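Undergrad: Single-letter residue listing:
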Amino acid sequence: AQSVTQPDIHITVSEGASLELRCNYSYGATPYLFWYVQSPGQGLQLLLKYFSGDTLVQGIKGFEAEFKRSQSSFNLRKPSVHWSDAAEYFCAVRAYSGAGSYQLTFGKGTKLSVIP
Amino acid sequence: DVKVTQSSRYLVKRTGEKVFLECVQDMDHENMFWYRQDPGLGLRLIYFSYDVKMKEKGDIPEGYSVSREKKERFSLILESASTNQTSMYLCASSLSSKGWNEQFFGPGTRLTVL
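Just so you know, the sequences run in chain order A and B.
Counted the way the working numbering counts, the first sequence spans residues 685 to 800.
Counted the way the working numbering counts, the second sequence spans residues -15 to 98.
Just to be clear, a hint being listed does not mean it is correct.
Claimed, not checked - Just a sample of chain B residues kept apart from chain A, beta carbon distances all over 10 Å, derived: (1) K(-3); (2) K2; (3) L5; (4) L25; (5) L29; (6) K37; (7) S51; (8) R52; (9) K55; (10) E56; (11) R57; (12) N68; (13) S71; (14) E86; (15) Q87; (16) T96.
Said to hold, decoys possible - The calculated lysine-lysine pairs, modelled on DSSO-like cross-linking and capped at a C-alpha distance of 30 Å, are: (17) K54/B to K795/A; (18) K41/B to K54/B; (19) K41/B to K745/A; (20) K54/B to K(-3)/B; (21) K(-3)/B to K733/A; (22) K752/A to K(-3)/B; (23) K733/A to K752/A.
What the hints assert, rightly or not - Only some residues are given here: those of chain B computed to face chain A with a beta carbon under 10 Å: (24) F17; (25) F32; (26) P45.
Bear in mind the hints are in silico, worked out from the structure with no lab data behind them.
As the structure is a prediction and not an experimental result, all values here were calculated from the model.
We put the CB at the ideal spot given by N, CA and C, even for glycine.
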């Protein structure tokens, strides 16, 4: 069965510092991978996605993620964090759920705090 | 833009009440999903539907049922609410089962069962 692990429950960074959020997945086939962000009191918003091609994917709000098949990882990065990036971040993998349909399996999330 | 709306942002109910959470999407998406989100547990899939009147159990369907009579609307039903169903409930939709299957989320309903 597919699974997603986000090893860091909570990360605190200073504004302007670089950021890397870790994500490891387990899935037998070629994965579709996603990063979502959830601002306080809001639903989830898609940051970026990967299926094939260039392993470095650019997303919205200045985020990027790198797919490394050998490490089963899809880490999210941002070179300079802004206070508005404080939120919870979820990594997800698309997996076949039977009857011709797919669903997303989410990690447990990493909460990002930003110090001014 | 895709819009997924949920009928209530906050809801307070009593133990044993029947609770309806409504979700509507305006982009003619085939698939709709209900998740619950709890601190430290992330998002867990309750039910999903890939067509009108079709439903599939997710990872934690116990204590819940769903209804999809129209393509744009997906309802989550708590037949007899219990305190352990206090949670944030998120609805999502996606265009189809093929391709990216990118899901679009509503703002969530925070349900408190007293």
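Undergrad: Against each hint, give a clear statement of whether it holds in the structure.
TA: Against the structure, the hints come out as follows:
no.: 1; hint: K(-3); result: holds (20 Å)
no.: 2; hint: K2; result: holds (25 Å)
no.: 3; hint: L5; result: holds (14 Å)
no.: 4; hint: L25; result: violated (6 Å)
no.: 5; hint: L29; result: violated (6 Å)
no.: 6; hint: K37; result: holds (14 Å)
no.: 7; hint: S51; result: holds (18 Å)
no.: 8; hint: R52; result: holds (14 Å)
no.: 9; hint: K55; result: holds (15 Å)
no.: 10; hint: E56; result: holds (17 Å)
no.: 11; hint: R57; result: holds (17 Å)
no.: 12; hint: N68; result: holds (19 Å)
no.: 13; hint: S71; result: holds (14 Å)
no.: 14; hint: E86; result: violated (6 Å)
no.: 15; hint: Q87; result: violated (6 Å)
no.: 16; hint: T96; result: holds (15 Å)
no.: 17; hint: K54/B to K795/A; result: violated (36 Å)
no.: 18; hint: K41/B to K54/B; result: holds (19 Å)
no.: 19; hint: K41/B to K745/A; result: violated (35 Å)
no.: 20; hint: K54/B to K(-3)/B; result: holds (26 Å)
no.: 21; hint: K(-3)/B to K733/A; result: violated (38 Å)
no.: 22; hint: K752/A to K(-3)/B; result: violated (46 Å)
no.: 23; hint: K733/A to K752/A; result: holds (14 Å)
no.: 24; hint: F17; result: holds (7 Å)
no.: 25; hint: F32; result: holds (6 Å)
no.: 26; hint: P45; result: violated (13 Å)
Comparing the model with each numbered hint stated earlier shows that hints 4, 5, 14, 15, 17, 19, 21, 22, 26 do not hold.
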